[in-house]
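There are 2 protein chains.
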Amino acid sequence: MAQLFGKVAIVGIGHIGSSLARVIKRDGLAGQLVALDNTPAHRDKALELGIVDAVTADVATAVAGADLVVLATPIGTYPALAQAMAPHLAQGAIVSDVGSVKMATLRDVQPYLPDGVHLVPGHPIAGTEHSGPEAGFAELFRGRWCILTPPEGTAAPAIEQVTALWQSAESQVEIMEAAHHDRVLAITSHLPHLIAYTIVGTATDLETTLQQEVIKFSASGFRDFTRIAASDPVMWRDIFLNNKEAVLDVLQRFTEDLTALQRAIRWGEGDKLQDLFTRTRAIRRSIIDARQA
Amino acid sequence: MAQLFGKVAIVGIGHIGSSLARVIKRDGLAGQLVALDNTPAHRDKALELGIVDAVTADVATAVAGADLVVLATPIGTYPALAQAMAPHLAQGAIVSDVGSVKMATLRDVQPYLPDGVHLVPGHPIAGTEHSGPEAGFAELFRGRWCILTPPEGTAAPAIEQVTALWQSAESQVEIMEAAHHDRVLAITSHLPHLIAYTIVGTATDLETTLQQEVIKFSASGFRDFTRIAASDPVMWRDIFLNNKEAVLDVLQRFTEDLTALQRAIRWGEGDKLQDLFTRTRAIRRSIIDARQA
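Which chain is which? The protein sequence lines are A and B, in order.
Be aware that the first sequence starts at 159, since it is given in the numbering used here, and climbs by one per residue.
Be aware that the second sequence starts at 159, since it is given in the numbering used here, and climbs by one per residue.
Isolated chain A, as found in the complex (with noise of 0.2 Å):
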């Protein structure tokens, strides 16, 4: 790949933004990599690992004379990070970055840049369990969706380099609105997470003897449940937090079909159960066909 831009800064080398690093090294896609990142082990991993040129805790040094600005840190994060880095973006300059939740980076991002700074938003579908910078890798993208969700009237040069840049990572990109974007998630992500933590939470508070029993017969279901309530406890807390309609939605329609079932199990109506279970079985069919498998 061809350089695709001067300096670059990935704010957060944690699991995404360390990984992201390592495909802009690969691809030589920057002429300079800056990883801010306040947590001193993580600015000393990614030296150490080679996937950037220089760290530092320091919002201006980072953000001076960037072309293009990766905020991969917790939604949380967001307002103060833009407030902080605004006055130092230089003109021209993109900023995106690959939160879970879309409308959060426009309510919490948008109003601070200044004009002539483009904003590209980013959600690459990809990720571990796993956090942290030596928990990335270059692959983590390929194959997998990457959503932009740029703000009407944004400039299309800036759409098409951060387009480049995750075509580079192998991934499929595509546009949509941030408000459908999040409704989506929603109901592909957030809510199946949401599940896993409180299935996860309700097996620990389980006396000691049983707890132990699920985890040694753990393979039966549970362990697929406990890999996604293994991500990253203040991620994951910033994505609730930060997508609360669309969760609040998706949970009450949840959680009537699962009172629905319930009743079906009390009343033996072995009918509305197995009716269900035939239809669940065909979506998995269709994600097969959709090489998402």
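Errors might be hidden in some of the hints.
Just so you know, same-sequence chains aren't split out, so a pair can sit in one copy or run between any two.
Unchecked claim - Using 16 Å as the maximum straight-line C-alpha spacing, the simulated EDC-like pairs for lysine to aspartate or glutamate come out as follows:
1. K374 - D447
2. K430 - E403
3. K430 - D363
4. K430 - E414
5. K402 - E427
These aren't lab readings, by the way, just hints derived from the structure by calculation.
Dock chain B against chain A, hints included.
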């Protein structure tokens, strides 16, 4: 391995039954291996795969002279099967099963068995979302638990023979009371499946456009649930109908916990969310430490 049994009859040559048949064949554990199945396609496939010596749709033919009969059909078939095979069981025969609810085996099979026939119910904690004889494989049970729940007074040699069978399948065998098994599995397996079926069901009720996007972006969490929710519909209908009390009890706990979490989101109580998400992460670590991940 040495031969453990003369004639063995496997009732239901599906995913689990055929996997067990493959183990028995591979290790030469039986003098003769017969499959009883109502589905002609399953019988044909089992013969074609060479995983059994003979197939039949006749209960008497299958179990006559058998040293071991293993039920590997949905739990709902047990009463009729037990009744049909009882008059043809040999003195000293062992009857076992692979069902996910062990109280059901005691309730629905034990009353029909003649004196001198040994009941050793079993449950291999293994399986995939696939069904049918072609989906089985001998290594399915490797490194997994198999729980046996023999009723009080069961002859020790019968328990030892069934234990040896599962050890040959490379499973670790655990002896447990049936009621306790059903309570543990309600948490580790039945509730997770119920939740997964529900969430995938909720998604199938969405308008078509949104549903297509859910499939497209399923890698963000939803996908993991669809794998579980693709499990055999009849098998799972019977599990819920037959472990009603334990499932409803753990479901009640889950619903309370989910409601508390819903309230925390609504009121923006970030610390409560973060606390829970931190606790659930520790459970994942325990599962990795227990080598069940």
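Now for the hints, and whether the structure bears them out:
With identical chains, the CA atoms of K374 and D447 are at most 16 Å apart between copies only, with a shortest distance of 10 Å across copies and 34 Å within one. Proximity of K430 and E403 under a CA criterion of 16 Å is satisfied in neither setting, with 30 Å inside one chain copy and 18 Å between copies. For a Cα distance limit of 16 Å, the shortest separation of K430 from D363 across copies, 15 Å, qualifies, whereas the shortest one inside one copy, 31 Å, does not. With identical chains, the CA atoms of K430 and E414 are at most 16 Å apart within one copy only, with a shortest distance of 15 Å there and 24 Å across copies.
Only between protomers do K402 and E427 lie at most 16 Å apart by alpha-carbon distance; the minimum there is 11 Å, versus 34 Å within a single protomer.
The structure fails to meet hint 2 from the earlier list, while all remaining hints are met.
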